[in-house]
Amino acid sequence: MNEFIAQLFFLLIVGIATYLLAKRIKSIRKNILLGRPIDRHDRKPERWRTMLLVAFGQKKMFKRMIPAVLHLLIYIGFIVINLEVLEFILDGLFGTHRLFAPFLGDFYTFLINIFEFLAVGVIVSCVMFLWRRNVLKIRRFQAQELTTWPKLDANIILITEIVLMLAILTMNASDQILQDRPEADYTNTGRLIFSAVLIPLLDGLNTSTLIVVERFAWWFHIIGIFAFAIYITYSKHLHIFMAFPNTYYSKLEPQGKMENMPAIANEVQIMLGKQPEEANASAEEIGRFGAKDVNDLAWTDLMGAYACTECGRCTAECPANQTGKKLSPRKIMMDTRDRVEEVGIQLEKGEQGKDDGKTLLDHYITRGEINACTTCQACVEACPVNINPLSIILQLRRYVAMEEAQSPASWNAMFSNIENNFAPWKFSPADRFRWADELSNEVESKKEKL
Amino acid sequence: MNETEKIQIPTMADMAARGEMPEILFWVGCAGSYDDRYKRVTKAFVKILNKVGIKFAVLGTEESCTGDPARRAGNEFLFQMQAATNIETLNGYNVKKIVTACPHCFNTLKNEYPELGGNYTVVHHSSFLQQLINEGKIGIEGGGAFKGKKITYHDSCYLGRANNIYEAPREVLAALDADLVEMKRCRTKGFCCGAGGAQMFKDAEPGKKEVNMDRTEEALSTGAKTIAVACPFCMTMMNDGVKHKEKEKEVQVKDLAELIAEHERL
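The listed protein sequences derive, respectively, from chains E and S. Note that the numbering used here gives residue 31 to position 31 of the first sequence, counting from 1, and the numbers run on in steps of one. Note that the numbering used here gives residue 54 to position 54 of the second sequence, counting from 1, and the numbers run on in steps of one.
Please note: incorrect hints may appear among the correct ones.
As the list claims (entries may be wrong) - Within a straight-line C-alpha distance of at most 27 Å, the following computed DSSO-like cross-link-like pairs (lysine-lysine) qualify:
{"no.": "1", "chain 1": "E", "residue 1": "Lys326", "chain 2": "S", "residue 2": "Lys202"}
{"no.": "2", "chain 1": "S", "residue 1": "Lys249", "chain 2": "E", "residue 2": "Lys446"}
{"no.": "3", "chain 1": "S", "residue 1": "Lys55", "chain 2": "E", "residue 2": "Lys251"}
{"no.": "4", "chain 1": "E", "residue 1": "Lys257", "chain 2": "S", "residue 2": "Lys96"}
{"no.": "5", "chain 1": "E", "residue 1": "Lys326", "chain 2": "S", "residue 2": "Lys209"}
{"no.": "6", "chain 1": "S", "residue 1": "Lys137", "chain 2": "S", "residue 2": "Lys147"}
{"no.": "7", "chain 1": "S", "residue 1": "Lys189", "chain 2": "E", "residue 2": "Lys446"}
{"no.": "8", "chain 1": "E", "residue 1": "Lys447", "chain 2": "S", "residue 2": "Lys55"}
Source of the hints: derived by calculation from the structure; they are not laboratory data.
Just chain S, same shape as in the assembly (with noise of 0.2 Å):
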């Protein structure tokens, strides 16, 4: 992006009216779109998006739940009507390629719309990171505010377990420099934030402690002064462990998307 050049967030319908296609369609979902804190990883995966000059378009009203956490809460019918109002939308714009920073989203779009007529490349950002990353358009320059400090990254049950997703954050890590603490429990072992299977939308059960508690204490243990996440959910269960602790002035919860806008000075 140029100092001159006003920031680019062009809508799939701007895109359509102009004849044009995007190469990709980012999926903001409904925490990128509303929550005050995860708005803010979507204005800097736009700036990233804007800075390697990648054509992209987003749906912006047009966009809706994909039913991810109705569906999980058992209403399937409501998620149905989601995925068929998406679905027609997605495909009335010709969409082939998607690339989304919430791990739910990238779940249902990836493996539940195919068989419900929605066939799409679905991309996780951590993923799309990696990649530029790899084909060195992001994340070249050594040194960076993240030089040898301690990160611990906190794997995401929709992009790990559900999805196979492991390596590719950490390597969004690596670009950093930064010295990637683990958790004990990570990889196919992470230990779930507490806000799955629309947990995010309740109270939790009656029990001896909070989900999120449990792993706040476990990535405060690690030493490091940043937690990474790559999920909305994630996001807010980590912040609200590590405020509960009252520990939010030292340590911050940043996702992948953030510390790479930060690193490149975005």
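In isolation and in its complexed conformation, chain E is listed as follows (with noise of 0.2 Å):
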């Protein structure tokens, strides 16, 4: 009877969980399709390739090996952990207790033994990554935009990992001292290294009280893990699952090529009295020329802001941020996910969503920001999941010279130069070619001397 109440208790929580998940992802979908169309169902194989180099291998996190080795343990740990979390389920569903151990015998020893390895790891790199924030406070941990809810955020992330594997470890040792205990009739594991070290620390307990420490730790597992897995969606933590799509989808063109943009194109060509070549995209079409808040950027821009995890090294590559601009590429991708969160709540309450008198540009981004942008592509090129925050910063800015004409002054002029002189600058389009007659001049005269 105790073990039915037990195992409905379970598929409560599960069902709760599996509701609450779902939920949330539909939300974070609508929310990153609130952006424009843009098509990257292209060039598929090409895709794969890209996903299974940066984000399942992990390519771009190499470039910094220290955070990389540390990083690549968390994800392997995370990664075959996880197959554990079957066996809990299906036990918690079926009242059973280590279920897979009877089956695999030895190979389970095996294979609990690597996940307790892999747990000890995971504990090793969250309290080095805890010392690098906190301690030895590395500068890309320490910007403006990473201070209040992001600074808790990442430290809450850490412990939850660390408390999460300590009660893996802990549950491992009770299990071992019980199955020790005839009265418990604990199945047999073999010996397990990692855990056993704690052994000594709880073989002191009766065997009630270890049951429940046992019990409780399962449970305390469990939970922690659904628990985690909802508050994740709320966090820079996405990243795990979002560095997938985010890099199957990123830009393949070379980085220097920017988004065309077909509808201005063809006003061109009619402007000069040409047939435009796709007739289509018709004036009616365009909502607005380049992007004033989060829905007139492209979707892939909004995926970008829910895949980023702050941690800061296109910010640490941006030369504008590094000479002390208010640039940061990191904030900018923080803002947007912030902004795009704001109007999803908003649209979901049924209020105006993105009328409700804010926007991405000014009350989130400034236009100090987007105008200190060099577009070197250090951020894009530093991003390990292929985030483009240049991607932004350039629709921005083409609301701010096409819409407002609120470019700075200098770059208005640059505008008019070209215009008029065909040159950024303001020289005679008829003296263009006179270093062609200096040079003539120059060969000769030379050749006199000699």
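Build the complex: two chains, separate frames, hints provided.
Here you go:
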């Protein structure tokens, strides 16, 4: 009967977690699709390869060795230890205990030892990451945008992972002691090397207390995992999932190529009295030139915002940021996520949503920030999951230049130079070829000297 | 180029009038046409073209800004106008292959004109010079003015990260027999000179330091007496940095084409 209640309770927990997670995934998907359409369904083999190399293979992480190795340990730990969650769930649903142990025998012992090794690896890495953030105060974790919630979020993630791993080790340690006590009737798992270290701390306890400890650790771990899974969707830690679609849909053209605006290209063709190549992109379809708010950005930009884990490799490489300008590519992504979440919540409440008087430009990202960008693509190159902060910056600039004509005065001067003199400087077009005469004269006079 | 021959700088219009087609169009760019310092790069490159005897032409006064700075500053409309005009000119002459010394022009012509109807083989002069070296047309003589001298190379963002050209400029420098010393931030980690994205045409936003000073300090710290560049904007920014540090007497900022022309005693 007792078992039955536990099973029912477990089923309820799984149900609630699944419901909350599904609801949250749905709203994130909806938020991302607030962005304007952009086709990224071409070149599929290349996309799969990019995802396998960059997300699955963590290729770009290895530009910085120490965090790469520590991160790899957590990553492998996450993937492999989650195999054990399968046994947890089956045990929970069927009221069994270590369902796989009798079937797998020695291999089970081997597997659990691997999991324990990785659990220790995760703990070590997380402790070192906490150390780097809070004691060493590594520069890229000390930026202005990384105070309050983002800072707390990072620490919560690391501490949760440590606690979850400690729960597994405690569970395994108490389980091993109980296996040696005939009255407890625990399934034999073989010797588990890492959790065995904890045995001296626990074997003074009587059997019934030990069972409570073991059961508590089991429930703590599995409920903890469900709670963490839901937490992740509100956190920067969402990168563990979003890294995959984000790399799959990443830009495959040369980084220097800017997104074309066919509507304007057509407009210009018509102005020049030519037949536009694509007659279907008529002027009515164009909502806005460039981006003022999140719904003007491409959906891939919004997906990037959800894929960002705020590591700050972009900002650490940004020449504007490194010389003290306001621009931080990481902040561009964080602002975009904050704004799209805000719009999403309002839309769900049935409120005006994006017409709340606020916009991404000005209320989140200032003009000083976007004007500081040199478009050097260091941020794009640095991102371990192929996020493109530059794409957002350039779309905001397009809005400022074309919808508002509010670009910095010297840029407006440059525009009129190009328009009138066909060069960004104020030189006469007639002088464009003067260098040739100069060169001919120089060569001639050199000959005369000889 | 024979000592008695005049230097040849044919325009596309001349060639078309004679019913001839050049092998390459040399796209000079605005800096290469107007900027006093960068005109020397244009001239050096034309001397090289004359020396190797390749059939080339320039657009002369028919050339116009590619629209790159307008596009990066957000003015897509102006960019599209420039692109349409240039593509009409280039297609009118049936241009097939373009070589340019400006990475910004290179990026625009190569990556952004095709979808607007301008399809050309576009080569940056660093790759072009590398090819000439590989073919044994230049840089075959050992020794020369730069033998054993320390040179550092500053990666242009629009060559490097934008278009993955990291080795060609370095191979050109290797032909000089020079001692190439790398800055810590090089290749994919190359630090911008500060001029890209239309920054060339406005003052920097408020900050603690100018981007070009940061980069110049790094370049100077290598101990190299020559800072090699492959972009007109990088040239201006690094030159300004060196002058600001009052090092212009000892340290020179030179484009790859100038270095090759000097090596070839052109």
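Violations among the numbered hints: 3, 7
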